[in-house]
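Given the coordinates of chain A, work out where chain B should sit on it, guided by the hints.
Chains A and B, in that order, are what the protein sequence lines are. If you're matching positions, the first sequence starts at 1 in the numbering used here and goes up one per residue. If you're matching positions, the second sequence starts at 1 in the numbering used here and goes up one per residue.
There may be inaccurate statements among the hints.
[Said to hold, decoys possible] Which chain B residues face chain A? A few, computed with CB under 10 Å, are given here: (1) P37; (2) Q349; (3) G355; (4) S357.
[Said to hold, decoys possible] What follows is a list of derived Cβ distance ranges for each label pair: (5) C91(A) - Q344(B): 45 to 51 Å; (6) L340(B) - S368(A): 23 to 29 Å; (7) S27(B) - K39(A): 53 to 59 Å; (8) R351(A) - V391(B): 56 to 62 Å.
Hints were generated in silico from the structure; no laboratory data involved. Remember, it's a predicted structure, so these values are computed and weren't measured experimentally. Backbone N, C-alpha and C fix where the C-beta goes; we use that ideal spot for every residue, glycine too.
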Amino acid sequence: MNRNSSKKQTQKSAQAPVLSVRNLTVCVNNHQQTHILKKVSFDLKHGEVFALVGESGSGKSVTSLAMMRLLSDALHILDGEVIFENNDLFCATEQEMTAVRGNRVAMIFQEALTSLNPVQKIGTQIDETLRLHSDLNNKDRIKRIIELLEEVGLPNPETRIDWYPHQLSGGQQQRVMIAMALACEPDVLIADEPTTALDVTIQKQVLDLIRGLAQSRQLAVLLITHDMGVVRQTAQRVGVMYQGEIIEENSCEEFFRNPQKKYSRRLIASLPDHNHFQNSSDGTALEPLLSVENLKVHFPQRKGILQRIHDWTRAVDGISLSIGRGETLALVGESGCGKTTTGRAILNLDRLTSGRITFAGETINTLSHRAMQPLRRRIQVIFQDPYSSMNPRMTVLRIIEEGMISLKLGLTPEQREERVIALLKRVHLEPEHRHRYPHEFSGGQRQRISIARALAVNPELIVCDEPTSALDVSTRAEVLKLLQELQQDLGVSYLFITHDLSIIPQLAHRVAVMKDGKIVETGATKKVLKEPHHSYTQELLNAVPHARI
Amino acid sequence: MDIDIFSVKPVILWTDIMIWLLVISASAFLLMLRQNPEARAQWRQVFSSRLGMVTFVIILSYIALALVDSLHFRKALPPVEGQNSSTVYYSNTVHSVLDLALGEMGELKERSYSAPLSLKSFTKENMIDASGEPYRDYPDLQHAGSHLNDPADYNTDLLLQSATGMGKGLIVGLILCTLLKMSTRRSTFPWGAAMATILVIAMVLGWLIHMGNLYHVLGTDRAGNDALYASIKGIRTGVLIGTLATLIMMPIAITLGIFAGYFRGWVDDVVQYLYTTLSSIPGILLIAAAILQFQVFIDLNPGYFEVGLEKADARFLGLCFILGITSWAGLCRLLRAETLKISQLPYVQAAHAFGVSHIRVISRHILPNVMHIILITFVLDFSGLILAEAVLSYIGVGVDSTMPSWGNMINLARSELSQDPVVWWNLIGAFFFMFTLVLSANLFSDLVNDAFNPKNRQERAV
Numbered sequence: 001m002n003r004n005s006s007k008k009q010t011q012k013s014a015q016a017p018v019l020s021v022r023n024l025t026v027c028v029n030n031h032q033q034t035h036i037l038k039k040v041s042f043d044l045k046h047g048e049v050f051a052l053v054g055e056s057g058s059g060k061s062v063t064s065l066a067m068m069r070l071l072s073d074a075l076h077i078l079d080g081e082v083i084f085e086n087n088d089l090f091c092a093t094e095q096e097m098t099a100v101r102g103n104r105v106a107m108i109f110q111e112a113l114t115s116l117n118p119v120q121k122i123g124t125q126i127d128e129t130l131r132l133h134s135d136l137n138n139k140d141r142i143k144r145i146i147e148l149l150e151e152v153g154l155p156n157p158e159t160r161i162d163w164y165p166h167q168l169s170g171g172q173q174q175r176v177m178i179a180m181a182l183a184c185e186p187d188v189l190i191a192d193e194p195t196t197a198l199d200v201t202i203q204k205q206v207l208d209l210i211r212g213l214a215q216s217r218q219l220a221v222l223l224i225t226h227d228m229g230v231v232r233q234t235a236q237r238v239g240v241m242y243q244g245e246i247i248e249e250n251s252c253e254e255f256f257r258n259p260q261k262k263y264s265r266r267l268i269a270s271l272p273d274h275n276h277f278q279n280s281s282d283g284t285a286l287e288p289l290l291s292v293e294n295l296k297v298h299f300p301q302r303k304g305i306l307q308r309i310h311d312w313t314r315a316v317d318g319i320s321l322s323i324g325r326g327e328t329l330a331l332v333g334e335s336g337c338g339k340t341t342t343g344r345a346i347l348n349l350d351r352l353t354s355g356r357i358t359f360a361g362e363t364i365n366t367l368s369h370r371a372m373q374p375l376r377r378r379i380q381v382i383f384q385d386p387y388s389s390m391n392p393r394m395t396v397l398r399i400i401e402e403g404m405i406s407l408k409l410g411l412t413p414e415q416r417e418e419r420v421i422a423l424l425k426r427v428h429l430e431p432e433h434r435h436r437y438p439h440e441f442s443g444g445q446r447q448r449i450s451i452a453r454a455l456a457v458n459p460e461l462i463v464c465d466e467p468t469s470a471l472d473v474s475t476r477a478e479v480l481k482l483l484q485e486l487q488q489d490l491g492v493s494y495l496f497i498t499h500d501l502s503i504i505p506q507l508a509h510r511v512a513v514m515k516d517g518k519i520v521e522t523g524a525t526k527k528v529l530k531e532p533h534h535s536y537t538q539e540l541l542n543a544v545p546h547a548r549i
Numbered sequence: 001m002d003i004d005i006f007s008v009k010p011v012i013l014w015t016d017i018m019i020w021l022l023v024i025s026a027s028a029f030l031l032m033l034r035q036n037p038e039a040r041a042q043w044r045q046v047f048s049s050r051l052g053m054v055t056f057v058i059i060l061s062y063i064a065l066a067l068v069d070s071l072h073f074r075k076a077l078p079p080v081e082g083q084n085s086s087t088v089y090y091s092n093t094v095h096s097v098l099d100l101a102l103g104e105m106g107e108l109k110e111r112s113y114s115a116p117l118s119l120k121s122f123t124k125e126n127m128i129d130a131s132g133e134p135y136r137d138y139p140d141l142q143h144a145g146s147h148l149n150d151p152a153d154y155n156t157d158l159l160l161q162s163a164t165g166m167g168k169g170l171i172v173g174l175i176l177c178t179l180l181k182m183s184t185r186r187s188t189f190p191w192g193a194a195m196a197t198i199l200v201i202a203m204v205l206g207w208l209i210h211m212g213n214l215y216h217v218l219g220t221d222r223a224g225n226d227a228l229y230a231s232i233k234g235i236r237t238g239v240l241i242g243t244l245a246t247l248i249m250m251p252i253a254i255t256l257g258i259f260a261g262y263f264r265g266w267v268d269d270v271v272q273y274l275y276t277t278l279s280s281i282p283g284i285l286l287i288a289a290a291i292l293q294f295q296v297f298i299d300l301n302p303g304y305f306e307v308g309l310e311k312a313d314a315r316f317l318g319l320c321f322i323l324g325i326t327s328w329a330g331l332c333r334l335l336r337a338e339t340l341k342i343s344q345l346p347y348v349q350a351a352h353a354f355g356v357s358h359i360r361v362i363s364r365h366i367l368p369n370v371m372h373i374i375l376i377t378f379v380l381d382f383s384g385l386i387l388a389e390a391v392l393s394y395i396g397v398g399v400d401s402t403m404p405s406w407g408n409m410i411n412l413a414r415s416e417l418s419q420d421p422v423v424w425w426n427l428i429g430a431f432f433f434m435f436t437l438v439l440s441a442n443l444f445s446d447l448v449n450d451a452f453n454p455k456n457r458q459e460r461a462v
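Pulled out of the complex, with its shape left as it was, chain A reads as follows:
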């Protein structure tokens, strides 16, 4: 802890930047004209969180990798300098760089699980850096590791030191990663989307931790994120990155109060409006299209040589819900709470343990594969990952018409093609796109194709399984708008499965909050979000990062 006092002494120079990047320019090898980064400059200061915001592909991660000279071979640093303690890192030898990386400048990444070695205890992994960079003896090192784990807020560090990464939750893994990064008492911490893979409640804890550490340790933090809410909550200064350039840099408050550039305004505006709610009836007046009663889906846990079932994983444990025609029900919850399993059960893709699913007056969970066929065209689905939800070897035309063929809509090939063209226009894509393959499209465009595919068979209910969580903020807003438009025009109902509370107000008529396989609270959106009754709903709402003041 005497480290802290020494930090205090250097505080008078705190306003001088610890690390500054000047005119960093990166290009693709063999294409000197294609600049990935164009003259990027910024400073990192002690005790300050500097957030680099932008959509995917804007060059945020390339910036952090270029600073540490960790770029892949395909990219090449053309110009610029990174000044750390009066030395230009681009002039340092590889050996000098190794002393800087990890030791003075630490990095944490998005996927904590893949960054940790799965076959080593977490204590051993932290110990490794300590042994390399310090001359403490065994006993002191263990003491230091426990101190570090305590500092990042891991409960019972004395016992957890001997745990393996898979025994920890996602948030705890990220904490271990931060502890590892802090082990060598770095001056700079680079956090590349540290919370994107985490649930909202855990995201809040991790961000609070980073912010707190920046204060207590006088760390200079570079936070890379695409989420304006995260920025608002954590950063002191903001740089907006757009097509490889920092187009605007300002203090956080000033930036949100008065964004200068049009693009920055668009980024902030694309955040959902929390005060505008869907007009909804109380949900009971509508004739229910789908109703689920006491749905249970349990998966067997098998053990031993004979694979005997010794326990059940209760993925969904007795939930009831109903959706009316033209209505949107949002099913909200953290990962692992059984939202997706519910969706799959409604699509009759998973076997129910007990319960009843009624669609338009017909019980569907007892239907055979064949008897389900006529109902398949009435219930459709949109998936989360736009990159794996389409067969990469089929053209868009084949993808969209597959449902029409297999559900025997009785159309000739010409009629089908006409319909595909109409659908593509409907989701704001060009008719010519039908001859292309999925990999030629961006994430947002692919999600539109998925929507067109679902619409192709005129469904009455679409199960949307996190359709926007893999998209950038601005594309997310466009896709949500499209979904709403379609609801108004075609009267489809949506079961909207999501973990993101921020998009619910403008989209859903009613909300059901799910936790550990059970629905804890349900009701009209406005009522649930404004006056939550259950403590879990309140916790979820508090964790949502708000960009607006």
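Using the frame of chain A, we list chain B on its own:
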């Protein structure tokens, strides 16, 4: 070898039928692939490198030789006195169309070993000179250089005939290149490399065939058979074993692998049980047992086979079968794992939500997405099986000893290498032909792997 086209009786071997069927289905498959732009782009990548073109032309010429060697017939024997003139008897030796192209190369038999391009035998024999005195010396060969009037012309003749042979080859090569040039005027592939390879192959073949009819270019073996002829005839065996065994293995591996990964449950259990059992039995043991049993069957049922070659062919087919049956486990395991992964992907789930039938999901969503694994395994296994044939023949459970194959040549060369002076040419002949084929197949499969493996494609994209 002069024959009358009407006086031959075609001999249709099982392997001939299979290889020709294979060629037809492979061409149909390629035509089908042309319609898929992604596959076309991948093949384009393979052929846009010079190495890809060169190795492909080499493999193609091997396959062409094997195909020409797969058209068999028996010649009519000249009628003997007292024979009923309406019945025709056919020779017991079976020829192929390739034999016609090779001329008399296969019929020039010496008494024993002779070195490449030599005029004398390799071993001394007792002879009697003009005055009746016995002496011991290297005798002249019966056929090699028999066209020479004076042995002193040997060196000049060698040069002259080489030039003639290469000239003939060059003319054929140039004709082929002109045809190629005319049919591919507007395309960006490295046709230059292909043409150069064609010219080189044509010249080498022209030289080998021309010289092979005058001398023993690669010498003769213990029984006086031409080693070059045996090596060239070995091409068919090598190519066929590579393709047929893979072809027999593929359907088993693909069906079982995909079914296990897709349906899971008890289907998966059964398939896994099968392949773990199979892979825990030593492959050689299984092959040896199967081949020996099959040989017993052939020996007990001579009535099924008209000529000796048909017996050898039946054993060869048996070998292909057993090689195929013992080698499917690897590909099956790969396909099962990949199918397990793919069948959980959203696009397969979406297909289920559309009520697409299982067969359609497998054929439209799963099979096309594991095609790269199948293709890569096919090309990689091809060269492995050629080598396996050599090993099996070496330990005596490979193809029939009367069948020309590189494995048999290597097996015979075992004793030749241990004598002094060493008889090296039989081994070199087999080695050279096998090495060229296996090397080009391996280089080609590397390129295919680069183009089709999604991991490589990702790395290239970064």
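Tell me if the beta carbons of L340(B) and S368(A) are separated by a distance inside 23 to 29 Å. holds, 25 Å
- Status of the given 45 to 51 Å range, CB of Q344(B) versus CB of C91(A): holds, 49 Å
Fill in: Closest C-beta approach of S357(B) to chain A relative to 10 Å, hint status
holds, 7 Å
(message) If I claimed the Cβ atoms of R351(A) and V391(B) lie 56 to 62 Å apart, would that claim hold in this structure?
(response) violated, 51 Å
Exercise. Hey, does the G355(B) contact hint survive, CB to chain A under 10 Å?
Worked result: holds, 4 Å
Would you settle whether the hint for P37(B) is holds or violated, based on the nearest Cβ-Cβ distance to chain A being less than 10 Å?
-> holds, 7 Å
With 53 to 59 Å as the target window, see if S27(B) and K39(A) comply at their CB atoms.
holds, 57 Å
Quick one, is the Q349(B) hint okay against chain A at 10 Å, beta carbons? holds, 7 Å
In summary, the one numbered hint that this structure violates is 8.
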